[in-house]
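There are 2 protein chains.
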Amino acid sequence: MKLEKAFDNILVVGLGLVGGSILKSLKYYSFGGDVYGLDSDHKIITEAHKLGLIKNQDTKITHELKKTLVIFSIPTLSIDKAIKELKKYSNLIDPLFTDTCSVKSSVLESLKKENPELISNFVLSHPIAGSEKNGLSSSLPNLFEKKLTIICPHEDNRDSDLKKVECFWNELKSLTKRLPPDYHDDIFAKTSHLPHVISFTLMDALFKNLGLKTFLYSGGSLEDYTRIASSDPLMWKDIMMANEKHIIESIEMFKDSLERLLFLIKDKDDKELLSFFSSVKKSRDSLL
Amino acid sequence: MKLEKAFDNILVVGLGLVGGSILKSLKYYSFGGDVYGLDSDHKIITEAHKLGLIKNQDTKITHELKKTLVIFSIPTLSIDKAIKELKKYSNLIDPLFTDTCSVKSSVLESLKKENPELISNFVLSHPIAGSEKNGLSSSLPNLFEKKLTIICPHEDNRDSDLKKVECFWNELKSLTKRLPPDYHDDIFAKTSHLPHVISFTLMDALFKNLGLKTFLYSGGSLEDYTRIASSDPLMWKDIMMANEKHIIESIEMFKDSLERLLFLIKDKDDKELLSFFSSVKKSRDSLL
Chain A
1 MKLEKAFDNI
11 LVVGLGLVGG
21 SILKSLKYYS
31 FGGDVYGLDS
41 DHKIITEAHK
51 LGLIKNQDTK
61 ITHELKKTLV
71 IFSIPTLSID
81 KAIKELKKYS
91 NLIDPLFTDT
101 CSVKSSVLES
111 LKKENPELIS
121 NFVLSHPIAG
131 SEKNGLSSSL
141 PNLFEKKLTI
151 ICPHEDNRDS
161 DLKKVECFWN
171 ELKSLTKRLP
181 PDYHDDIFAK
191 TSHLPHVISF
201 TLMDALFKNL
211 GLKTFLYSGG
221 SLEDYTRIAS
231 SDPLMWKDIM
241 MANEKHIIES
251 IEMFKDSLER
261 LLFLIKDKDD
271 KELLSFFSSV
281 KKSRDSLL
Chain B
1 MKLEKAFDNI
11 LVVGLGLVGG
21 SILKSLKYYS
31 FGGDVYGLDS
41 DHKIITEAHK
51 LGLIKNQDTK
61 ITHELKKTLV
71 IFSIPTLSID
81 KAIKELKKYS
91 NLIDPLFTDT
101 CSVKSSVLES
111 LKKENPELIS
121 NFVLSHPIAG
131 SEKNGLSSSL
141 PNLFEKKLTI
151 ICPHEDNRDS
161 DLKKVECFWN
171 ELKSLTKRLP
181 PDYHDDIFAK
191 TSHLPHVISF
201 TLMDALFKNL
211 GLKTFLYSGG
221 SLEDYTRIAS
231 SDPLMWKDIM
241 MANEKHIIES
251 IEMFKDSLER
261 LLFLIKDKDD
271 KELLSFFSSV
281 KKSRDSLL
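Here the protein sequences come in this chain order: A and B.
Sequence positions in the first sequence follow the numbering used here and run 1 to 288.
Sequence positions in the second sequence follow the numbering used here and run 1 to 288.
None of these hints come from the bench; they were simulated from the model.
Note that this is a predicted model, so its numbers are computed, not measured.
It is possible that part of the hints are untrue.
Capping the alpha-carbon separation at 25 Å, the derived lysine-lysine pairs in PhoX-like fashion look like this [what the hints assert, rightly or not]: (1) A:Lys-255 to B:Lys-268; (2) B:Lys-113 to A:Lys-266; (3) A:Lys-50 to A:Lys-24; (4) A:Lys-213 to B:Lys-281; (5) B:Lys-266 to A:Lys-245; (6) A:Lys-133 to B:Lys-281; (7) A:Lys-81 to B:Lys-147; (8) B:Lys-113 to A:Lys-213; (9) A:Lys-113 to A:Lys-81; (10) A:Lys-5 to A:Lys-113; (11) B:Lys-113 to A:Lys-245; (12) A:Lys-271 to B:Lys-208; (13) B:Lys-177 to A:Lys-208; (14) A:Lys-266 to B:Lys-266; (15) A:Lys-87 to A:Lys-112; (16) A:Lys-213 to B:Lys-147.
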């Protein structure tokens with residue numbers, strides 16, 4: 001499927017790192033339709049227009065937009081607010097919606113509660129691509145290249161719509177994979193949200209104890225290890241709130257392993273410590 | 001100071017990643033003296049000889065070695081065993097000793113207990129350079145380039161000996177910095193041993209829960225985040241045993257921050273969660 005066959009227009013709501021990277025990718029890969037953008041910070045709209053990324057120069061998109069893909073690229077809990085802004089500033093005829101949020105069940109629940117009429121036209125996506133840097137100025141045309149985007153089908157989706165959204169991500173050179181929303185939220189709690197929790201708390205603990213000496217002797221490796229602790233606070237606050245249940249489970253799961261190792265260290269258990277590290281190394285190496 | 005003025009010979013005990021990298025660096029930077037090597041695995045000695053890295057082809061270094069720097073590049077708790085091997089296989093006249101272990105107080109304690117006659121000729125060093133890969137075959141001639149080596153002076157050291165060992169590391173293009181042994185062990189418990197503990201336990205928890213699916217959807221970032229969990233198990237078992245007190249303290253310090261964040265998530269405290277992440281980001285960004 002060519003993307004232009006599926007959509008005449010693309011409208012990105014939220015022009016931060018991910019939204020901005022979508023705009024730059026569409027330009028880079030020469031999308032033949034029209035591209036629009038909205039952001040709660042209206043100055044960013046003007047900026048994106050000046051960069052030649054979007055057609056509108058302010059919030060006024062007064063004419064009717066047909067065959068439009070709307071992409072919400074916003075913090076997870078801002079979906080209602082963003083839909084309100086969208087309704088206020090645009091005139092969409094039969095659009096298809098998607099998003100880039102890191103938690104999927106909460107977006108679905110919010111839609112069911114606040115905007116049930118949109119559900120059947122809403123395809124949930126999550127591009128596994130990002131950076132600790134924020135904002136349009138940090139966005140990249142190749143952010144999604146060779147990365148994976150998870151599509152989370154729900155019971156009201158039409159397969160044709162799922163395919164259109166998959167076509168969109170493929171056009172940005174991203175691979176796609178379908179997973180159920182709750183399974184997505186569970187596995188990403190463990191493999192993404194938990195490492196962020198750990199990185200944030202490690203950085204918190206180190207800075208409280210070592211202050212300006214934190215990175216003094218680490219030769220770059222600790223800077224690298226805590227890199228994701230510089231990620232967008234609002235985005236991560238929302239993820240914690242939206243995926244609370246799975247994140248708490250994943251922290252408890254991690255604490256179990258940490259307590260086990262702490263016990264072995266306190267117990268000075270030479271043999272079991274070696275067995276612990278050997279087994280972990282063996283597990284990790286087996287996955288590579 | 002030219003390294004050849006300080007030493008006629010260099011003898012590396014332990015030809016793994018770090019020891020092997022020392023040999024390759026000495027060759028790369030054309031050290032003018034003679035280089036020897038010993039390893040508990042005698043095949044490695046032959047291998048290093050075949051690579052043109054050391055003069056001896058087996059454990060037999062029968063002639064007298066004068067003005068020799070001996071570098072113990074071994075797991076932290078193997079120092080006594082390595083000294084025994086050294087005495088068995090070499091004939092050293094008035095040597096100077098150093099090591100590359102990650103914990104310093106325990107090396108000093110072990111010397112005081114088992115080999116007190118060596119203490120005044122033993123300079124403690126710790127090059128902050130490594131890899132999750134092991135062995136001579138993974139060693140690199142530029143492993144120490146632009147990295148930092150910590151020198152931990154103790155009360156029996158002569159300043160002239162400290163300077164000779166600093167000259168050695170500088171010759172391998174490493175920077176040097178002096179820190180007291182216990183201060184070293186405390187700060188590296190926090191900035192190096194703790195991140196390793198976290199990485200090992202995260203990998204343990206994830207693999208136990210997700211098995212072969214652990215890296216399936218993470219797009220490379222989790223592989224990177226857990227990279228150090230593939231580090232040498234014996235080396236890390238020894239570090240845990242040797243720096244037990246400081247590592248336990250650092251784990252408790254980390255657990256405090258983790259419990260705080262867990263509490264905020266469970267409490268659904270929107271405002272405090274945002275403040276937590278913002279403060280951590282601000283701290284980290286202020287250090288860069």
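Now the hints, each set against the structure:
| no. | hint | result |
| --- | --- | --- |
| 1 | A:Lys-255 to B:Lys-268 | holds (20 Å) |
| 2 | B:Lys-113 to A:Lys-266 | holds (23 Å) |
| 3 | A:Lys-50 to A:Lys-24 | holds (13 Å) |
| 4 | A:Lys-213 to B:Lys-281 | holds (16 Å) |
| 5 | B:Lys-266 to A:Lys-245 | holds (9 Å) |
| 6 | A:Lys-133 to B:Lys-281 | holds (11 Å) |
| 7 | A:Lys-81 to B:Lys-147 | violated (49 Å) |
| 8 | B:Lys-113 to A:Lys-213 | violated (33 Å) |
| 9 | A:Lys-113 to A:Lys-81 | holds (13 Å) |
| 10 | A:Lys-5 to A:Lys-113 | violated (32 Å) |
| 11 | B:Lys-113 to A:Lys-245 | violated (53 Å) |
| 12 | A:Lys-271 to B:Lys-208 | holds (20 Å) |
| 13 | B:Lys-177 to A:Lys-208 | holds (24 Å) |
| 14 | A:Lys-266 to B:Lys-266 | violated (29 Å) |
| 15 | A:Lys-87 to A:Lys-112 | holds (17 Å) |
| 16 | A:Lys-213 to B:Lys-147 | holds (17 Å) |
In the structure shown, a violation is registered for the earlier hints numbered 7, 8, 10, 11, 14, in ascending order.
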